[in-house]
Amino acid sequence: MDEKFIFPQRLKTISFALMAIGLIGTAASFFLYSDEEGVQRWWANMLLNAVFFHGISMAGAFFLAATYVAYNGSITVFKRVPEAVAGFMPYSALLLLLVLIFGHSSLYEWTHADVVESDPLIHAKVGYLNLPFFFGRFAFFVGILLLLSYLMRKNSLAEDQHGGITYYKKNLTVGSLFLLFFAIYISVTSWDWLMSLDPHWYSTMFGWYTFASFWVTGIAVMTLVVVYLKKRGYLEVVREGHLHDLGKLMFAFSVFWTYLVFCQFMLIWYANIPEETGYFRQRYDHYMWLFYTIFIMNFIAPFLVLMSRDAKRKMQILIIAACIIIVGHFIDFYLIVMPGTVGNKGGFGLPEIAPPLFFAGLLIFVVFTNLTKANLIPKNHPFLDESLHHTT
Amino acid sequence: MHAESYLRPPLIQGNKTYLQITEDISRSVEAKPSRSWWIATTISAIVMTWGLICIAWTVWFGIGTWGLNRTIGWGWDITNFVWWIGIGHAGTLISAILLLFRQKWRTGVNRAAEAMTIFAVICAALFPVFHMGRVWLAFYNLPYPNTRGPLWPNFNSPLMWDVFAISTYFTVSLMFWYTGLIPDIATIRDRAKTKIAKWSYGLLSFGWVGSAKHWQRHEMLSLVLAGISTPLVLSVHTIVSFDFATSVIPGWHTTIFPPYFVAGAIFSGFAMVLTLMLITRKVLNLEEYITLDHIESMNKIIVLTGSIVGCAYLTELFTAWYSQNPYEQYAFANRALGPYWWSYWGMMTCNVISPQLFWVRKLRRSVWFTFFMSIVINCGMWFERFVIIVTSLHRDYVPSSWAMYSPTWVEISIYVGSIGLFFTAFLIFAKTMPVIAMAEIRHIMKTSGEAQKKAALAEHKHHGHDTHPLPNTN
Amino acid sequence: MKRYLLGLFDDDEVLLKAVDKIRAHDIKIHDVVTPFAVHGLDEKLGLRESKLHVGGFFVGLTGLAIAFSFMTWVFTSNWPIVFGGKPHFSFPAFIPIMFEFTVLSASIGMTVAFLALCHLYPGRFREPLDPRTTSHLFGMVFKITDETTQAEKERIAHLLREAGAVEVKEREMQKHY
Numbered sequence: 001m002d003e004k005f006i007f008p009q010r011l012k013t014i015s016f017a018l019m020a021i022g023l024i025g026t027a028a029s030f031f032l033y034s035d036e037e038g039v040q041r042w043w044a045n046m047l048l049n050a051v052f053f054h055g056i057s058m059a060g061a062f063f064l065a066a067t068y069v070a071y072n073g074s075i076t077v078f079k080r081v082p083e084a085v086a087g088f089m090p091y092s093a094l095l096l097l098l099v100l101i102f103g104h105s106s107l108y109e110w111t112h113a114d115v116v117e118s119d120p121l122i123h124a125k126v127g128y129l130n131l132p133f134f135f136g137r138f139a140f141f142v143g144i145l146l147l148l149s150y151l152m153r154k155n156s157l158a159e160d161q162h163g164g165i166t167y168y169k170k171n172l173t174v175g176s177l178f179l180l181f182f183a184i185y186i187s188v189t190s191w192d193w194l195m196s197l198d199p200h201w202y203s204t205m206f207g208w209y210t211f212a213s214f215w216v217t218g219i220a221v222m223t224l225v226v227v228y229l230k231k232r233g234y235l236e237v238v239r240e241g242h243l244h245d246l247g248k249l250m251f252a253f254s255v256f257w258t259y260l261v262f263c264q265f266m267l268i269w270y271a272n273i274p275e276e277t278g279y280f281r282q283r284y285d286h287y288m289w290l291f292y293t294i295f296i297m298n299f300i301a302p303f304l305v306l307m308s309r310d311a312k313r314k315m316q317i318l319i320i321a322a323c324i325i326i327v328g329h330f331i332d333f334y335l336i337v338m339p340g341t342v343g344n345k346g347g348f349g350l351p352e353i354a355p356p357l358f359f360a361g362l363l364i365f366v367v368f369t370n371l372t373k374a375n376l377i378p379k380n381h382p383f384l385d386e387s388l389h390h391t392t
Numbered sequence: 001m002h003a004e005s006y007l008r009p010p011l012i013q014g015n016k017t018y019l020q021i022t023e024d025i026s027r028s029v030e031a032k033p034s035r036s037w038w039i040a041t042t043i044s045a046i047v048m049t050w051g052l053i054c055i056a057w058t059v060w061f062g063i064g065t066w067g068l069n070r071t072i073g074w075g076w077d078i079t080n081f082v083w084w085i086g087i088g089h090a091g092t093l094i095s096a097i098l099l100l101f102r103q104k105w106r107t108g109v110n111r112a113a114e115a116m117t118i119f120a121v122i123c124a125a126l127f128p129v130f131h132m133g134r135v136w137l138a139f140y141n142l143p144y145p146n147t148r149g150p151l152w153p154n155f156n157s158p159l160m161w162d163v164f165a166i167s168t169y170f171t172v173s174l175m176f177w178y179t180g181l182i183p184d185i186a187t188i189r190d191r192a193k194t195k196i197a198k199w200s201y202g203l204l205s206f207g208w209v210g211s212a213k214h215w216q217r218h219e220m221l222s223l224v225l226a227g228i229s230t231p232l233v234l235s236v237h238t239i240v241s242f243d244f245a246t247s248v249i250p251g252w253h254t255t256i257f258p259p260y261f262v263a264g265a266i267f268s269g270f271a272m273v274l275t276l277m278l279i280t281r282k283v284l285n286l287e288e289y290i291t292l293d294h295i296e297s298m299n300k301i302i303v304l305t306g307s308i309v310g311c312a313y314l315t316e317l318f319t320a321w322y323s324q325n326p327y328e329q330y331a332f333a334n335r336a337l338g339p340y341w342w343s344y345w346g347m348m349t350c351n352v353i354s355p356q357l358f359w360v361r362k363l364r365r366s367v368w369f370t371f372f373m374s375i376v377i378n379c380g381m382w383f384e385r386f387v388i389i390v391t392s393l394h395r396d397y398v399p400s401s402w403a404m405y406s407p408t409w410v411e412i413s414i415y416v417g418s419i420g421l422f423f424t425a426f427l428i429f430a431k432t433m434p435v436i437a438m439a440e441i442r443h444i445m446k447t448s449g450e451a452q453k454k455a456a457l458a459e460h461k462h463h464g465h466d467t468h469p470l471p472n473t474n
Numbered sequence: 001m002k003r004y005l006l007g008l009f010d011d012d013e014v015l016l017k018a019v020d021k022i023r024a025h026d027i028k029i030h031d032v033v034t035p036f037a038v039h040g041l042d043e044k045l046g047l048r049e050s051k052l053h054v055g056g057f058f059v060g061l062t063g064l065a066i067a068f069s070f071m072t073w074v075f076t077s078n079w080p081i082v083f084g085g086k087p088h089f090s091f092p093a094f095i096p097i098m099f100e101f102t103v104l105s106a107s108i109g110m111t112v113a114f115l116a117l118c119h120l121y122p123g124r125f126r127e128p129l130d131p132r133t134t135s136h137l138f139g140m141v142f143k144i145t146d147e148t149t150q151a152e153k154e155r156i157a158h159l160l161r162e163a164g165a166v167e168v169k170e171r172e173m174q175k176h177y
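Protein chains in written order, with the working numbering: chain D, 1 to 392; chain V, 1 to 474; chain X, 1 to 177.
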């Protein structure tokens, strides 16, 4: 059961190359697009990427917490993968914090004193939409979740050393607390970071919607990591049954995401109240292609690709599905962020291409470095035996 | 072989064999009905009959016998409808979603919960049907070629969606429940002593003998039905929530309604499952099959869904303020502080605050406390629907239309009668059919039986795995 | 009169091993009757995978097509009415019924297919080979024809006992089992 992961040199080179190209591209686009619109667009992209990759790391920790609380006995063998993804949280949170600190005035209308003065609606919301409270919420929720996910990892590593079920029980408690705070975190931060980009608009479902996107993207990323490890000859104990579970999760939560998106859209479309429809009007009129693309990439494609049992058990198909889902949800976030910041002028060019490369490179580097830090199989986990025998 | 973690508590207590399982569970069907069963069934049947009389009264004299008025067109009727539909969600959730998530503890309670679903949906359907007034024209809802134009029903209306959703849900739940029941009916048939029992269970068992090929198809059917029932369960309460959320009434039109209604439905459904199962396990001596661990698992789902519901309440409150929409803000202030404040605070107390007590392990595992809480939650979820429906309606946009609503004795009687119907049906079911899915319990006996688990554990110890209790298998 | 040889087992693991042993001797197992779904039994018996879900998928697809085309026809050509200012072809409002009807068709289709394929229907009275096989015993069934010799029967019975059968018996049935 001892299995050490060694960061392959090729992958390391790729991750550095991605980071370097991304960083240069991002920096270049900052200078190339230096007019007011360009700066706004640059920050919008930074926010988009920071939130998106932050969501992936959160999904890793959520995956751990949820499986602990649900007494899940099948994912244990590859439990180090969500742990490694969750280990990206400090980095992603820091990047997001930097983006919010330095970019907030380019991103959020409500941070401008003159807008607040002239707009009675935003003025009335000042009790919530003000910078000290905004950063206070960030610090409180992200801080607590960081701490809890750190504890989960710590207990898990200690379990490897000492065995027994005390660490498992500790993680059960930490996991339930994580879920509790996560529920409030996802509601509040989705209003803060994304919904307040359109400060007039409101939708009670927005937190759920963001959660579904984070979650399904996170699962797709974890699937890719598991498949990569398997292809490199690691994690041989991960069998078709475990891949099947990951495929099922991607399938189910793609449907869940669609369900939420449909409900939100349909209710607003049906009631046809101008305050609410503005959000979709703008996105539909000016980004119609993307509007349909996200439905195809995030619903129809994964639904058809992953429907059959055999498909969920084949690594090649899982890779295809996961890639579609990740790109599809990136576009989904693009569609949330861009109209709220740059209005109808969302573009596609260097500022859009470079930052995701940097973030992806960093994600790869951090995740695989984390994987080298512990035994790939949690050898003393009380559900390991059950997980090893997991077949269907 | 499936190796189960030693951490998982046994789901079947005592030293059971396949034969023992059959005997324990069939006993309640084969034995003569007890006196308490007769008493309970008689009371329920009387209550049900009174409800039916009041339904007849409504049909004869018209909807004017109810307390509805022009402002409040939906009162207890739709409140009860949503309440019952919500309760009807636990059955399919337990059998479908928990099957897909491989929660083995579902096997102890799924059969009874599915039966409960079916009866609850029947109770639910009573209310919109009789609320139509001219109930003999109910078939106008169905799309069939007709002489009225042909004038089709309005497929764009959420009420029409409801007709489809609920009839689909009822049909699929019924098929799911009955196909699962067939092998168990065959067991009862093969054990029957009297000719009449042999004949009637023979008729109901459809000729099942348990061939390998039949079991294979049966497994496939259950799995796929579970797969498609999962989105179905979500869709049903989603569509019920659309009845409200597609409108422009403050307090009704909010996008969180679909997932929040679903969570609330699961919440109330589990509460009702607990109410029923706690009585059933006691009366039928099934404590070894519905163990404290089953109860604890269900309580965990209650605390989870209760918290989701609480989170949704707070989201609604916050967004009402955040929207800066005066109508929205008034609607929520009115809920908490208006004339129906008691229902709002009843809902908050019963649904949000009290389930949080289940964070305490001791309370989760207390039978009496769980029973008490299950009643509290059922009340709370009733209040919730009352708050949503009546409180949102009674303050119309035009203050001259403001009104108050209180139910008449007819409405109260029909509601109480529906509870009588529910219990009558359940009691008859519990007496005539195995309340626990025998075949599924046999299936998990080897991995989750107490004796079997102990033996497996002893084996581990024997091999000297005390410090690292997990054998190195690969 | 149909005749069968029945070997009864009291444990599913023993049964699974016995299936392998008997099949290794090139003896045709007519059927295995069990009180619950024993996992892996179908593979060991060499049964083809069930295609029930494929049928369900296509019936569901048909239901989807019917629901969609019917509502479209009603609202765009047969009786177009404006509801709440929505266009005649108001697709988002069709989705709930399309979904429900798909699910309804698929599940009815599959359940009917299941009952039909297994010849299960109310009023089909079947006498079990042994009443205990729906409760706690697992029965392995062999067909006995007129050509089956006594020696052959004894050989099967012997193999069954060797493989762990608790009881071996012959049954005569009125109807084809």
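None of these hints come from the bench; they were simulated from the model.
It is possible that part of the hints are untrue.
[Unchecked claim] With a straight-line cut-off of 27 angstroms between C-alpha atoms, the simulated BS3-like cross-links for lysine-lysine are:
hint, chain 1, residue 1, chain 2, residue 2
1, V, 32, D, 248
2, D, 154, V, 195
3, X, 2, V, 446
4, X, 44, V, 195
5, V, 193, D, 169
6, X, 175, V, 446
7, X, 51, V, 193
8, V, 453, X, 169
9, D, 170, V, 362
10, V, 213, V, 431
11, X, 86, V, 213
12, D, 170, V, 213
13, X, 17, V, 453
14, D, 379, V, 362
15, V, 32, V, 193
16, V, 193, D, 379
17, V, 198, X, 169
18, D, 379, V, 213
19, V, 195, X, 28
20, V, 198, X, 44
21, X, 51, V, 213
22, X, 2, V, 104
23, V, 32, D, 169
24, X, 17, V, 104
25, D, 379, D, 230
26, D, 169, V, 453
* Straight-line Cα separation of residue 51 of chain X and residue 193 of chain V no greater than 27 angstroms? -> Cα-Cα ~38 angstroms, so violated.
* Pair hint residue 32 of chain V and residue 248 of chain D, alpha-carbon separation not exceeding 27 angstroms -> violated (47 angstroms)
* Assess, step by step, whether the Cα of residue 193 of chain V is no farther than 27 angstroms from the Cα of residue 169 of chain D, and give holds or violated. => Given pair residue 193 of chain V, residue 169 of chain D is violated - Cα atoms ~51 angstroms apart, limit 27 angstroms.
* To do: Please work out if residue 170 of chain D and residue 213 of chain V have their alpha carbons no farther apart than 27 angstroms.
  => Violated: residue 170 of chain D and residue 213 of chain V sit about 46 angstroms apart, past 27 angstroms.
* With a cut-off of 27 angstroms on the C-alpha distance, tell me whether residue 379 of chain D and residue 230 of chain D pass. => Satisfied, since the Cα-Cα distance of roughly 18 angstroms is no more than 27 angstroms.
* Asked: Is the hinted pair residue 379 of chain D and residue 213 of chain V satisfied, with a Cα-Cα distance of at most 27 angstroms?
  -> violated (40 angstroms)
* To do: Could you grab the alpha-carbon distance between residue 169 of chain D and residue 453 of chain V and see if it respects the 27 angstroms cut-off?
  => Since the Cα atoms of residue 169 of chain D and residue 453 of chain V sit roughly 20 angstroms apart, the hinted pair holds (cutoff 27 angstroms).
* Is the Cα-Cα distance between residue 213 of chain V and residue 431 of chain V 27 angstroms or less? -> Not satisfied, since the Cα-Cα distance of roughly 31 angstroms exceeds 27 angstroms.
* Given the hint that residue 453 of chain V pairs with residue 169 of chain X, does the C-alpha gap stay at or below 27 angstroms? -> violated (34 angstroms)
* Asked: Under the criterion that the straight-line Cα-Cα distance not exceed 27 angstroms, is the pair residue 170 of chain D, residue 362 of chain V satisfied?
  -> Holds - the C-alpha atoms of residue 362 of chain V and residue 170 of chain D are around 18 angstroms apart, at most 27 angstroms.
* Satisfaction of hint between residue 195 of chain V and residue 154 of chain D, Cα-Cα up to 27 angstroms -> violated (66 angstroms)
* Asked: Keeping to a limit of 27 angstroms between CA atoms, is the pair of residue 32 of chain V and residue 169 of chain D held or broken?
  -> Violated - the C-alpha atoms of residue 169 of chain D and residue 32 of chain V are around 46 angstroms apart, more than 27 angstroms.
The structure shown violates the earlier hints numbered 1, 2, 3, 4, 5, 6, 7, 8, 10, 11, 12, 14, 16, 18, 19, 20, 22, 23.
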